[in-house]
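Trainee: These are the residues of each chain, in order.
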Amino acid sequence: MEASLSDAALVARCRTGDEGAWAELVNRFSRYVYAIATKGFGLRADDAEDVFQEVFARTYQHLDRLRDDEAIRPWIAQLTRRLSIDKIRAGSREQLSDDEIEPPDLDDTFDRLDDALAVREALGELSETCQEILDRFFARDESYQTIGETLEIPSGTIASRISRCLAKLREIFEGRNSAAEPS
Amino acid sequence: MTETFRYDEETLAALLRALPPAPEGWVRAAQELPRSRRELDDIVARAVADEAFRTALIEDLERALSDVGYEPSLLPLEELRRRLSSDH
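As given, the protein sequences belong to chains D and U, one line each in that order.
If you count by this note's numbering, then the first sequence holds residues 1 to 183, one letter each, in order.
If you count by this note's numbering, then the second sequence holds residues 1 to 88, one letter each, in order.
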């Protein structure tokens, strides 16, 4: 049920102590935080893990003090950015400014990850099988054979299923965004 | 987001690739924060009330926790160390 909640509604549930809602919040933003730390800032795995855990620890602690529940995503993005910069600075011998630490294309990376998060939301409207196939093939980089064995689908049909599922995802994604466009 | 919101399948595939899953253990640890926070509070309260337990924690934190049934790998140990030293 939590998966269908808006970000604001999910935050409100978390604030009441609903541990299922908190688990969903972590699930919803875990890839986003991970990608900012590892792709945006190129942190090594151990540093990225520290940042990842600290982001969610601070989010949990600050749930009562968020000014705008709907803005949890940009709030988490900026927190991950700040903690990644601090992590890099702590590991450097030189005194580096934020500008020296931030990759020059960071804003582009954030825009791209925001788009990617929107695509993942649209993915949630596909059938369970389509979600699994697309996620396993593109995000988890699994082979046709592995996907076929895991989902008990003939591996020879995976390519055509990916194509059909992508086409459906495109319909859903464009439909959502057309509805959001100003008339 | 682009102005036209027209994404072809290739672009959608690239965006799906842009968000690989975080390691499962990281996600699980973050999801268990409410429980680990409760345990942390219990441990600190017990350390305040029981000087022998507090001494054992300071000498060998992970062993002392294991001895009383906690799983140290599921607890925020650095924060626990900070709280034990600040509550002194």
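It should be emphasised that the hints constitute simulated quantities derived from the structure, not laboratory data.
Where hints are given, some of them may not hold.
Unchecked claim - Simulated restraints, written as ranges between beta carbons of each label pair:
#, chain 1, residue 1, chain 2, residue 2, range
1, D, Ala90, U, Leu77, 13 to 23 Å
2, U, Phe53, D, Ser127, 50 to 60 Å
3, U, Arg83, D, Ser178, 21 to 31 Å
4, D, Ile153, U, Gly25, 37 to 47 Å
Positions of the beta carbon are idealized from the N, C-alpha and C atoms, including for glycine.
Trainee: Run every hint past the structure and note whether it holds.
Mentor: For each hint, the structure was consulted:
1. Ala90(D) - Leu77(U): 13 to 23 Å: 19 Å, holds
2. Phe53(U) - Ser127(D): 50 to 60 Å: Once the Cβ atoms are compared, 53 Å apart, the range 50 to 60 Å for Ser127(D) and Phe53(U) holds.
3. Arg83(U) - Ser178(D): 21 to 31 Å: 52 Å, violated
4. Ile153(D) - Gly25(U): 37 to 47 Å: 28 Å, violated
In summary, the numbered hints that this structure violates are 3, 4.
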